[in-house]
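**Student:** Sequence:
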Amino acid sequence: SLTLNEKLRAYHVLVQHTGAQESASDAVSTSLTIIGQLGETLPSTPSKVAAMWEIMKTQTLLLLKIDNIINLDAMQHADKKEAMKFLMLAGRYDFAGDSAFMPLIICRMVRLSLRYGLCGESAVGFATYGVIVGNVLGNHATALRLGKLALTVLDRFDARECLPWVFNTVYGITLLWSDEPLSHVLPFQKHAIDVGLSIGDNEIAMHSAHVYLRISLHSGCPLVELMDEMRVRSRQMLAYKKDSMDKLNLLGASRRQFTLNLLGRSADPSILAGEEIDADCVSRFRGEKFHDTLCVFFYYFQGWLSYLFGDYAVAAEMAMEYKKSDETTLAQIRCSIQQHVPFWAQCMRPSTKRNS
Numbered sequence: 022s023l024t025l026n027e028k029l030r031a032y033h034v035l036v037q038h039t040g041a042q043e044s045a046s047d048a049v050s051t052s053l054t055i056i057g058q059l060g061e062t063l064p065s066t067p068s069k070v071a072a073m074w075e076i077m078k079t080q081t082l083l084l085l086k087i088d089n090i091i092n093l094d095a096m097q098h099a100d101k102k103e104a105m106k107f108l109m110l111a112g113r114y115d116f117a118g119d120s121a122f123m124p125l126i127i128c129r130m131v132r133l134s135l136r137y138g139l140c141g142e143s144a145v146g147f148a149t150y151g152v153i154v155g156n157v158l159g160n161h162a163t164a165l166r167l168g169k170l171a172l173t174v175l176d177r178f179d180a181r182e183c184l185p186w187v188f189n190t191v192y193g194i195t196l197l198w199s200d201e202p203l204s205h206v207l208p209f210q211k212h213a214i215d216v217g218l219s220i221g222d223n224e225i226a227m228h229s230a231h232v233y234l235r236i237s238l239h240s241g242c243p244l245v246e247l248m249d250e251m252r253v254r255s256r257q258m259l260a261y262k263k264d265s266m267d268k269l270n271l272l273g274a275s276r277r278q279f280t281l282n283l284l285g286r287s288a289d290p291s292i293l294a295g296e297e298i299d300a301d302c303v304s305r306f307r308g309e310k311f312h313d314t315l316c317v318f319f320y321y322f323q324g325w326l327s328y329l330f331g332d333y334a335v336a337a338e339m340a341m342e343y344k345k346s347d348e349t350t351l352a353q354i355r356c357s358i359q360q361h362v363p364f365w366a367q368c369m370r371p372s373t374k375r376n377s
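The sequence shown begins at 22 in the numbering used here and counts up by one.
Just so you know, these hints were derived from the structure itself, not from any lab.
Treat the hints with caution; some may be incorrect.
16 angstroms max Cα-Cα, derived EDC-like pairs, lysine to aspartate or glutamate [stated by the list, open to error]:
hint	residue 1	residue 2
1	K268	D299
2	K263	D222
3	K28	D100
4	K262	D222
5	K169	E201
6	K268	E309
7	K263	E43
8	K211	D222
9	K310	D264
10	K102	E27
11	K211	E224
12	K263	E224
13	K268	E224
14	K268	D301
15	K211	E250
16	K345	D313
17	K268	E43
18	K344	D313
19	K262	E43
20	K169	D88
21	K262	E224
22	K268	D313
23	K169	D200
Since this is a predicted model, take the numbers as computed values, not measurements.
Whenever a hint applies, use it, and build me the whole structure from the sequences.
**Tutor:** Shown next, in the form of structure tokens:
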């Protein structure tokens with residue numbers, strides 16, 4: 022019979038195929054089983070307590086070594102290198118599912134890198150752990166440092182298959198905690214889209230496009246051209262005929278409708294409804310976890326429209342609903358809106374503002 026090492030390539034293909042068939046939980050389960058056989062067992066029942074314990078253990082070890090991480094040797098331990106590959110797969114498909122294991126997976130990737138040396142997948146671990154440090158611990162300085170470390174590791178190992186994930190995380194989230202102008206990250210996100218498509222990973226390429234369009238809107242790109250690109254990417258997502266891509270496209274619907282409203286292409290500029298989104302769009306997913314994520318996008322863009330066009334009562338209501346939403350769902354959005362009120366003011370047409 023074949024040994025585990027002889028089966029690893031087949032298992033890797035199996036996990037990718039299972040994930041591509043949108044069986045995220047099965048892909049995660051298979052990955053975790055293989056990871057366990059490679060000597061890295063994760064808790065069978067993830068919890069917030071377990072996640073925080075893993076974060077604190079990782080943070081303690083990280084702070085002892087952070088100044089010298091980039092000088093670590095390349096990872097040589099064969100089983101640990103394979104474990105890193107499956108941890109990356111597990112993290113990807115866990116994110117596509119319920120994200121319960123994500124902190125445990127990422128913390129393990131970081132600790133394996135610190136103990137056994139660096140590999141291409143280490144860049145994913147450091148980049149994503151930076152977001153955890155920034156959101157959970159509120160340590161943006163360390164998050165930014167980890168983001169830059171991830172980019173250096175990515176370049177050192179020329180880990181092209183890891184680039185879209187790392188770029189989406191570092192340029193799409195972490196660097197937004199810095200003073201870097203948003204427009205400066207757009208070429209990197211464009212590159213992430215191109216790399217994703219070139220390696221045949223259309224799904225992560227579309228996630229990169231989702232991030233690119235979000236940052237483009239916030240950075241003040243011309244709205245007419247941006248709206249055209251939004252619709253091109255929307256058609257691409259729908260063409261894949263996958264539930265995950267349909268949902269990603271739907272998350273972008275609030276952004277597209279918001280842009281149409283600012284362009285004056287809606288019946289009422291203060292209401293987030295029209296060509297791209299309707300009143301039933303959110304309610305039909307009630308009872309699913311996706312409903313919560315969809316609501317966050319809706320509350321965010323509806324709140325801004327209400328504020329910009331003078332309906333402050335609705336704006337306050339949307340702000341309260343937004344704040345009540347799950348913290349992990351809000352992570353990407355919150356860090357990207359902190360300093361961009363002047364942009365929205367420029368987009369608004371005075372002639373259509375209410376109560377002016």
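**Student:** Between the alpha carbons of K169 and E201, is the straight-line distance 16 angstroms or under?
**Tutor:** holds (13 angstroms)
**Student:** When you check the alpha-carbon spacing of K268 and E309, does it fall within 16 angstroms?
**Tutor:** Within the cut-off at roughly 12 angstroms; holds.
**Student:** Keeping to a limit of 16 angstroms between CA atoms, is the pair of K263 and E43 held or broken?
**Tutor:** Roughly 8 angstroms separates the two Cα atoms, so the pair holds.
**Student:** With a cut-off of 16 angstroms on the C-alpha distance, tell me whether K262 and E224 pass.
**Tutor:** holds (11 angstroms)
**Student:** Between K268 and D301, does the CA-CA distance stay at or below 16 angstroms?
**Tutor:** At roughly 15 angstroms apart (the allowed maximum being 16 angstroms), D301 and K268 satisfy the hint.
**Student:** Keeping to a limit of 16 angstroms between CA atoms, is the pair of K263 and E224 held or broken?
**Tutor:** Judged against 16 angstroms, a Cα distance of about 10 angstroms means the pair holds.
**Student:** Are K102 and E27 close enough, with their CA atoms no more than 16 angstroms apart?
**Tutor:** Given pair K102, E27 holds - Cα atoms ~15 angstroms apart, limit 16 angstroms.
**Student:** Holds or violated: K262 and E43, Cα atoms, limit 16 angstroms.
**Tutor:** Holds - the C-alpha atoms of E43 and K262 are around 11 angstroms apart, at most 16 angstroms.
**Student:** For a C-alpha distance cap of 16 angstroms, please report whether K211 and E250 respect it.
**Tutor:** This hinted pair holds, its Cα atoms lying about 12 angstroms apart.
**Student:** Tell me if the straight-line CA distance from K262 to D222 falls inside 16 angstroms.
**Tutor:** holds (15 angstroms)
**Student:** Starting from K268, check that the Cα of E43 is at most 16 angstroms away, please.
**Tutor:** Roughly 12 angstroms between the alpha carbons, so the hint for K268 and E43 holds.
**Student:** K344 and D313: Cα distance at most 16 angstroms?
**Tutor:** holds (12 angstroms)
Checked against the numbered hints given earlier, this structure breaks none of them.
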